[in-house]
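Engineer: What follows is the residue order along each chain.
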Amino acid sequence: GAGVSQSPSNKVTEKGKDVELRCDPISGHTALYWYRQSLGQGLEFLIYFQGNSAPDKSGLPSDRFSAERTGGSVSTLTIQRTQQEDSAVYLCASSKGGELFFGEGSRLTVL
Amino acid sequence: GQNIDQPTEMTATEGAIVQINCTYQTSGFNGLFWYQQHAGEAPTFLSYNVLDGLEEKGRFSSFLSRSKGYSYLLLKELQMKDSASYLCAVRSSASKIIFGSGTRLSIRP
Chain A
1 GAGVSQSPSN KVTEKGKDVE LRCDPISGHT ALYWYRQSLG QGLEFLIYFQ
51 GNSAPDKSGL PSDRFSAERT GGSVSTLTIQ RTQQEDSAVY LCASSKGGEL
101 FFGEGSRLTV L
Chain B
1 GQNIDQPTEM TATEGAIVQI NCTYQTSGFN GLFWYQQHAG EAPTFLSYNV
51 LDGLEEKGRF SSFLSRSKGY SYLLLKELQM KDSASYLCAV RSSASKIIFG
101 SGTRLSIRP
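Here the protein sequences come in this chain order: A and B.
For what it's worth, my numbering labels the leading residue of the first sequence as 1, then goes sequentially.
For what it's worth, my numbering labels the leading residue of the second sequence as 1, then goes sequentially.
Derived by calculation from the structure, the hints in this document are not laboratory data.
From a predicted model like this one, the values you see are computed outputs, not experimental measurements.
Where hints are given, some of them may not hold.
To be verified - Facing chain B, from chain A, some residues (calculated, C-beta under 10 Å): (1) Y33; (2) Y35; (3) Q37; (4) G42; (5) Q50; (6) G97; (7) F101; (8) F102; (9) E104.
Every residue gets a Cβ at the ideal spot worked out from N, C-alpha and C, and that includes glycine.
Using the sequences and the hints, build the whole thing.
Structural biologist: Structural data, given as structure tokens:
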């Protein structure tokens, strides 16, 4: 595609529910990153995929968070049993070795 | 581990010059990025430094000193539209990219 596409753009859920956030990177980009940004804060690294290598999951805040990348393209970030502190914008970015190209993000609100 | 420090907020005057500093500590270094982020929008790429020295791109310049773990972003001829957050990010040797907390720049007329 022309750019990084994320869906949904907005998600409101109840505490305890599971959510899935999707990222469709730029075609041909081998690297894919997920970040979390709370209001007025910087970008918190969550997870990084590079080609067929094992992902770097060192930023995932708890075992409620997981991500996968199928076929080296689309990625899904799953948050189980959501908590209010999970409310944030989740940003996905892709790269082919240089700068990151960001999607518009998925804004998650946990009530 | 990695640690990136930059000032939380800065204010500057339209038409002036401002320098935003970034210091970092990282296990393995493979480049430093600067991004601009307007409120409610995704970050957009400004510059990338991997070797020491100054990279100039129009009104924006970025400097890197690897021995000092230091970079700065220089914005010249400030315009009101430059009001945004500026994010410093470091890529480790494993290509993991970590961002600082960002510097919120306000431009006054």
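Engineer: Decide, hint by hint, whether the structure agrees.
Structural biologist: Each hint tested on the structure:
1. Y33: Status holds, d = 6 Å.
2. Y35: The hint holds - A:Y35 has a Cβ within 10 Å of chain B, the shortest such distance being about 7 Å.
3. Q37: 9 Å, holds
4. G42: 4 Å, holds
5. Q50: Holds, because the Cβ-Cβ distance from A:Q50 to chain B comes to roughly 6 Å (cut-off 10 Å).
6. G97: The hint holds - A:G97 has a Cβ within 10 Å of chain B, the shortest such distance being about 8 Å.
7. F101: 8 Å, holds
8. F102: Since chain B brings a Cβ to about 4 Å from A:F102, closer than 10 Å, the hint holds.
9. E104: With a minimum Cβ separation of about 5 Å from chain B (threshold 10 Å), the hint on A:E104 holds.
This entry satisfies every hint, going by the numbered hints stated previously.
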